[in-house]
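Asker: Position chain B relative to chain A; hints supplied.
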Amino acid sequence: MDQRCNPSGSATVKPLATKMVITEKLCKHFPDPKKGLVKAVDGVSFQAKPGEIFGLLGVNGAGKTTTLRMLSTVLEPTSGRATVNGFDVATEGEKVRGSIGFMSTSTALYGRLTAREMIAYFAGLYGVTNSEMKSRMAFAIDKLNMGEFIDRQCDKLSTGQKQRVSIARTIFHDPPVLFFDEPTAGLDVVTSQTVMEFIEEARDNGKTVIFSTHIMSEVERLCDQIAVIHDGILMGQGTVNELKTTTNEQTLEKAFLKLVRFESTWNRDTEVARS
Amino acid sequence: MNPSLQVYKKEIMEMLRDKRVRSGAFITPMFVVLMMVMLFGFIMESVGKKENIPVHFVKTSDPLMTQIRESKLQLHEISSEAVGKSLILSGKARLVVVFDKPKDFGNFQQKIIRLMYDDKEESAQIAKAQFMQALSQTMRDGIEKQLVAQGLPKEAAEPIKFEDSPVQVGSGKGASTMILSLLPYMIVLFAFTGGFSIASDIVAGEKEKSTLETLLITPASRTQIVLGKFFALMTVCFCSSMSALFGLVFASIAHLPGTAKMMESGLGLTPQSVVLMLGLLLPLVAFFAGILLIVSTYARNMREAQTYLALVNLVVLIPAVFSQMIGFTGLASQFWINLVPVLNTASNIRAALQGKTDFAAYGATAGIGIVLAAIAITIAIRMFNREKVLLRV
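One line per chain: the protein sequences are A and B, in this order. Last residue of the first sequence? That's 277 in the numbering used here, and every number before it is there in order. Last residue of the second sequence? That's 375 in the numbering used here, and every number before it is there in order.
Worth flagging that the hints you see were computed from the coordinates, not collected in a lab. This one's a predicted model, so the numbers in the text were calculated from it and none came from an experiment. Any given hint might turn out to be false.
[Claimed, not checked] Below, a list of computed lysine-lysine pairs in the BS3-like style, where the Cα atoms sit at most 30 Å apart:
1) A:Lys36 x B:Lys191
2) A:Lys41 x A:Lys256
3) A:Lys37 x B:Lys370
The shape of chain A in the complex, shown without the other chains (with noise of 0.2 Å):
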């Protein structure tokens, strides 16, 4: 079925169930001056549910960090429907806000406050009271092993205590919802573990992750469910099983390719016959 939008932008949009983030033909369409309209989300439509992470998986300017974009509310989309913890992103916006928690590499921590500050800043923002603050705090701070630092600027942490930082600013308001873009991109290895750990304890305690990535092993690791996204077009969903039995292929990283219609220009024959 073509989930696209239509050219007027004003999709058909059905009852939305009660899931905990939906969306519904979403689309995003931003005018260029060089390149006219670009279509960076067209047609999006998935769901996904409590105690789940779900994936969406795409290479760089897919459309991934967009849709996660017009969910968190920073976007407004050019058509379509989502909605987030059963409230309408375009219309319970501060609703919205409130029940999720959004991490991403690229979003970084204000250097000049102290990582206590940092979290007890968004704490506040979140509507955590006084009261509630100093025992969550406790938690967090053992939770995530951040004694040693809390009290230390933000400017002068190490990139693995600026990641604990930054999910414990996730985390501290205990949304139903969380939001992962490329959680691990330039990160190394241990915390990159740490955070895939963080993330699986969440769909454990019953939260709706939402992950978006382009590293196949998170995918395969992490994911219950997976929307695969090229060029703002859903091209697939599913388990990781189902895209490898769609696609007739062994490895998620082939029914990725095939799902992409992605076409080798490197000719191995050519090549060799040249060299």
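Answerer: Structure of chain B alone, referenced to chain A:
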């Protein structure tokens, strides 16, 4: 706690930890004001030290020169005009007086006194004025002696006498002319430049460092976020302006070298003038904070913001500089001045320090300031709510 207040508190906390803000918004205004007061004070005192500039004269037997020698002038006799010229060329003499051959009109001879000096040298002009004054006094003394010898009172040498009779306008005690030129200018200027240190950081910096998106996904609305940032900027602008004022107050209290002449009439700061000044300053500071926020929101990154801020600075600087000179023109009394942003505030602060507040002009200035501040913050809020502007990187 209100999200705007949380954003405000966080911004202030970050600003206070930022060396650029501490130096740019708090230390620099005080330092600059202290330096300027001492420098201008030194210049004023130098101009006042009349007897210290020596006058050279070519050797003469003219009796007038004998009389001038009795004045307080420092006189140095030289042998010839050529020597005098070489002394001027080498910078060792400011004024050389040459008694030329008198002009003969039959029954009357006119004395010719030639004054040689470098007309581009201020101290030479001062030396010339001192000499002319001494000469005038010498001639008057001579006339008085002749009048007394003829049985007339010496006052007959001055058929018309001028007497100063200052009229008190407004509340009375006001600052000196130099303070009136300097203080409103400094207060207005630092209200704007003080915010520079943080303006590029406050939104453009958040875009560049990728912290803005984290903030946008909190339940706080964009309007609440931008208001928190606006009030933080306003606080810094206001504190910077007050730092300039504190610098001047400190110079006045500490009796710093060279400031005595400048401070002899006080600063013109009375409880009334301070209240009036704050009433004008707050809308101006809000207007400046709004402009800085608009620039920072529009810019893609800190560098772009700094480029725009440099341009905006020129727009603010021109009326601010003009406000320094307004006392020398007749424009201060014209009502349209009160319709020109920045200039109107400086002009009315000047009037408040003189104790001569015109409340119609004051009301117009404050009203325009409030309207402009409201427009600026409305634009900033609208821009902050537009994803196209906010997410352009």
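Asker: Run every hint past the structure and note whether it holds.
Answerer: Verification of the hints:
Restraint check for Lys36 of chain A and Lys191 of chain B: satisfied, since their Cα atoms lie roughly 27 Å apart, inside the 30 Å limit. Restraint check: the Cα-Cα separation between Lys41 of chain A and Lys256 of chain A comes to about 26 Å, which is no more than 30 Å; the hinted pair holds. With a CA separation close to 16 Å, the supplied pair Lys37 of chain A and Lys370 of chain B stays within the 30 Å bound.
Checked against the numbered hints given earlier, the structure satisfies every one of them.
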